[in-house]
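Chains as they are written, first to last, in the numbering used here: chain A, 72 to 412; chain B, 460 to 855.
Relax, there's no trap hidden among the hints.
Listed next, with one range per pair, are the computed distances between beta-carbon atoms:
| hint | chain 1 | residue 1 | chain 2 | residue 2 | range |
| --- | --- | --- | --- | --- | --- |
| 1 | B | Met829 | A | Lys105 | 33 to 43 Å |
| 2 | B | Ala826 | A | Asp342 | 49 to 59 Å |
| 3 | B | Ala830 | A | Ile405 | 42 to 52 Å |
| 4 | A | Ala102 | B | Gly517 | 26 to 36 Å |
| 5 | B | Leu600 | A | Glu292 | 37 to 47 Å |
| 6 | B | Ser577 | A | Asn152 | 55 to 65 Å |
| 7 | B | Gly710 | A | Arg238 | 14 to 24 Å |
| 8 | B | Phe640 | A | Arg238 | 23 to 33 Å |
| 9 | A | Lys105 | B | Phe498 | 28 to 38 Å |
Over 12 Å on every C-beta distance to chain B, these chain A residues come out as not near it, computed from the model:
| hint | residue |
| --- | --- |
| 10 | Asp101 |
| 11 | Phe108 |
| 12 | Ala122 |
| 13 | Lys126 |
| 14 | Thr130 |
| 15 | Pro291 |
| 16 | Lys296 |
| 17 | Leu338 |
| 18 | Ala341 |
| 19 | Gly356 |
| 20 | Phe358 |
| 21 | Gln386 |
Some chain A residues near chain B, calculated using beta-carbon distances under 10 Å:
| hint | residue |
| --- | --- |
| 22 | Phe162 |
| 23 | Leu187 |
| 24 | Leu208 |
| 25 | Cys222 |
| 26 | Thr248 |
| 27 | Val266 |
Simulated from the structure, these hints should not be mistaken for lab results.
The C-beta atom is built at its ideal place from N, Cα and C for all residues, glycine as well.
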Amino acid sequence: MTIKKITVMTATAVAGMMFMGSAQAGATFDAVKKKGFVQCGVTTGLPGFSAPDEKGNWTGIDVDTCRAVAAAMFGDATKVNFKPLNAKERFTALQSGEIDILSRNTTWTYTRDTSLGLNFAGVNYYDGQGFMVSKKLGVKSALELSGAAICIQAGTTTELNLADYFRANKMEYTAITYDTSEETIKGFEAGRCDVLTSDQSQLYGLRTKLPDPASAVVLPEVISKEPLGPVVRQGDDEWFNLVKWSLFAQLNAEELGVTSKNVDQMLKSADPSIKRLVGGEAGFGKFLGLDDKWAYYIVKQVGNYGEMFERNVGQGSPLQISRGLNALWNKGGIQYAPPVR
Amino acid sequence: MSDTSKDSEQPAKPSRLRDPAFRALIFQILATAAVVAFFIYIVRNTLHNMELRGISTGFDFLDRASGFAILQSLVPYSEASSYGRTFIVGLLNTILVSALGIFFATLIGFLVGVLRLSKNWLVNKLAMIYIELFRNIPLLLQILFWYFAIAFNLPSPRQSLSMGDAFFLNNRGMYLPAPQFGEGFWMTGLAIVAAIVGAILLVRWSRQRFEATGQTFPTLYVSLGLLIGLPLIVFLASGAPLHWELPELKGFNFKGGLTVIPELFALTLALSIYTAAFIAETVRSGIQAVSHGQTEAASALGLSHARTLRLVVIPQAMRVIIPPLTSQYLNLTKNSSLAVAIGYPDLVAVFSGTTLNQTGQAVEIIAITMAVYLSLSLGISLFMNWYNAKMALRER
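Given the sequences, and given the hints that come with them, work out the whole structure.
If you want it as structure tokens, here you go:
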């Protein structure tokens, strides 16, 4: 299934690159407007970030990031088409124009930003790589892991961080590299490896898939910086701005105390910053080529950043992840958005 | 329609456009030019599009350090090795699993194919069940089945199944003693080579003698004795310079010795069993294609049953078997790319998987990978064509 898919997808993407006409700036914005929905690349199923629920609806932070863009553009957060991709397919799918946004817990790195013809539009989750081990091994720190077999997903920054960490600490390891994160947790469950490594948020998500989640522990060490965020094609600034500011609007809404519940009252607010955000100030939407109430639609239909976080990965979810680095800058975290003015 | 009779009456030379050979040449040139132009267009358009999108191109990435680990490598490899090296590692792993798969598939396939013709009802039906079962289940499912059947059901390293404290089996793989060659082992190596050359010469000599005089010679036993005896004598005479490094449980897992990872084991098993089912049918049809009259004629001449099989039936059956067998070998090699499903580090998993994703050079890497499979397949085809020509009916 996935295997065939990768080959087919990569091959079609490469073929696509061959026959495609030239790209133009602003092309994505117009094309999305015309086709009436946003094509959004997500994971094949990662709880909290992008996974279909029991009814088949996609949920998660990465999903909501795409929904916010659809809400801003069409005033309707449901106008999104989700395309599940594995780690290896994702960049090719975006480069070849198969998707409009890649929102698939993708780490922002120098090489990806500069050499792939892509732009990172912001950070919707600050993550870091961690380790999960079986409780019965009695390991307390990652520094005790020398000689361990480690399950890992192919084609991720995780693979590189792991190698760097073990080399820096002069430890040995065996990497068992699987294609998808579901396979890594299966390998871990089967005892093929002692350790599962991934971004910490994913470890908590994957742990819920174990028959007995309490049998595994996440070690305290965080060995890398993993700023995750939505990605768009380079050279398409109109679209880049829209994706970037959809995320910023959610952060600003949280900072200003605007939520999906009170946003209708906030329309009448006297506070000028709130007025500018929710569309009380005429003419602010046209800079993005949108309705003045673009941010109102985002907050009304998707919620502000805090609501999105708690619903998907925080207290309202089985993952129970605390805000940590992802709290707003004035609440002890590092989430910070430029002002809407 | 050219009217040649009319043309020949006139002294003027017919137009060259009427000449079928010339026209054929023109069309071939046109077709070649069209294909070349098409490829030039594709390559240029690709390069242009990639440049426009700010995607870096070229093969410089092959020299950059890879920075990731690979589970199994036949050549020295570390995280500091280059992306080019990951290509070599992946390629060798693909060749390893394909070679093992071809070997075992041929072995099982010939066995089952012969059993399928057995007059014993039970043996015959068992072979039939084997064939129908394994060739009708998708290969990917079989790979996953064998992999998880092994990984889920073997004990953890600390409860390994062991044999004489030298062989261990657990869910991390099979651990075997590794040979450590001491000083003077080269003499034994030399003896092995000498024995092989000797055996080949012996076979030639006995065949010549047979053709000249009709006398037979027990070639098989003598050459077996030569192949085993000579190296053994030299080995013992040079003071048995060979030690075995035993695997030992240290920390999380066994250290030392040789390791066969479960991914390799499961993949080889699945590929061999699956392809063997097809080979068995090929072998059965090949043997059945030899007419019964041949066997009867052979026994009329007084040849024993074994000889009839070796000298009459098999050489003729091989002519029918080899061409489809070649296709099966090609299929197996290409099917080995399903390795990615269980994390066996073959070319597709390592090079057009991790390396592609870390560098983002999709077009270059996919092109290289395609070229590799093409070369591997053409290589196998060439070899099998040579073998086929050797086995072909020589008309005298």
